Amino acid sequence: MRIRSFLAFVISLCITFAFVPVKTFAFSERGNAQFTDVVNTGKANDCPTLDSSLVGSISLGNGDSLKGICMHPTEVYVKVPGTKRKAAEFVSTKIISPRNNTTVTEVYGDIDSGTFTEKGGIDFQLITVLTPGGLEVPFAFSAKDLTADLPSSIEPGTEVSGSTFTPNYRTGDFLDPKARAKNTGVEYAQGLVALGGDDEELAKENIKVDVNGTGVITLSINNVDSDTDEFAGTFEAIQPSDTDMGSKDPLDVKITGELYGRKA
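In the working numbering, the protein residues as written are 495 to 758.
By construction, these hints were calculated from the structure, which means they are not laboratory data. This one's a predicted model, so the numbers in the text were calculated from it and none came from an experiment. Hints are not guaranteed to be accurate.
[Claimed, not checked] Across the chosen pairs, the derived CB separations fall in these ranges: (1) Ala697 <-> Ser547: 24 to 32 Å; (2) Thr665 <-> Asp606: 46 to 54 Å; (3) Thr708 <-> Phe668: 32 to 40 Å; (4) Ser547 <-> Ser657: 28 to 36 Å; (5) Glu630 <-> Asn706: 16 to 24 Å; (6) Asn706 <-> Asp604: 34 to 42 Å; (7) Ser586 <-> Ala697: 31 to 39 Å; (8) Ser547 <-> Glu694: 57 to 65 Å; (9) Thr665 <-> Glu630: 15 to 23 Å.
[To be verified] Dumping the calculated DSSO-like pairs for lysine-lysine here, alpha-carbon to alpha-carbon at most 27 Å: (10) Lys638 <-> Lys676; (11) Lys561 <-> Lys573; (12) Lys742 <-> Lys588.
For glycine and all other residues, C-beta sits at the position ideal for the given N, C-alpha and C.
All chains should be built: construct the whole structure from the sequences, respecting the hints.
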């Protein structure tokens, strides 16, 4: 009788656990996709998505972390210079390079005293867009050194803004067609040696410098899964474009798109 009672208890326990709902993470479903279903489709550039009906909340405190933050640009605008008759304004552009590798993803960081500080991840992407006027504008879409003040909890409707560091589009070792670069010690092409550095425009073109910038990212939360501590929404980032290492004035670039992340 004792054995029968014990077996009945084990069976009832197994049945109980069999019907306990299992947490399903959006990022794990995306990770289980087959290679043949993703390759050359652009799906790898997408962020995980949540059910639009999820309206939970996630509590945040000191010692917590956020990870898996993904920002997928869907629209890019460039503020083109104005004229005497028309003020400067943002115009819609087309991403021409790369087409399927523009997403900042797997960004993570810690929360301390209510402030999130980015620590790493694939936190920047080099992108070039084309304006309606035919101007090609390269820039480094960046979430580097993102710092943002967070509330004690996030829920649909929460909006958070933070500053970012925007690196150069090219490094100091990049050689232009005339073999000039910041770190090589070569400032002037051979045919321009006699010009010296008296001309400011020539000096800007020939003497390569690092011109890093800062940007602002605003995160808007639309959906929250309390069971898995995941959140999704949209983002808007405004940052400077590339300067060709000091030879051009930067343009303001506005990037908008999809957002995903989760509490560690």
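Tested hints:
no.: 1; hint: Ala697 <-> Ser547: 24 to 32 Å; in the structure: violated (59 Å)
no.: 2; hint: Thr665 <-> Asp606: 46 to 54 Å; in the structure: violated (31 Å)
no.: 3; hint: Thr708 <-> Phe668: 32 to 40 Å; in the structure: violated (22 Å)
no.: 4; hint: Ser547 <-> Ser657: 28 to 36 Å; in the structure: holds (33 Å)
no.: 5; hint: Glu630 <-> Asn706: 16 to 24 Å; in the structure: holds (21 Å)
no.: 6; hint: Asn706 <-> Asp604: 34 to 42 Å; in the structure: violated (23 Å)
no.: 7; hint: Ser586 <-> Ala697: 31 to 39 Å; in the structure: holds (35 Å)
no.: 8; hint: Ser547 <-> Glu694: 57 to 65 Å; in the structure: holds (59 Å)
no.: 9; hint: Thr665 <-> Glu630: 15 to 23 Å; in the structure: holds (20 Å)
no.: 10; hint: Lys638 <-> Lys676; in the structure: holds (22 Å)
no.: 11; hint: Lys561 <-> Lys573; in the structure: violated (32 Å)
no.: 12; hint: Lys742 <-> Lys588; in the structure: holds (21 Å)
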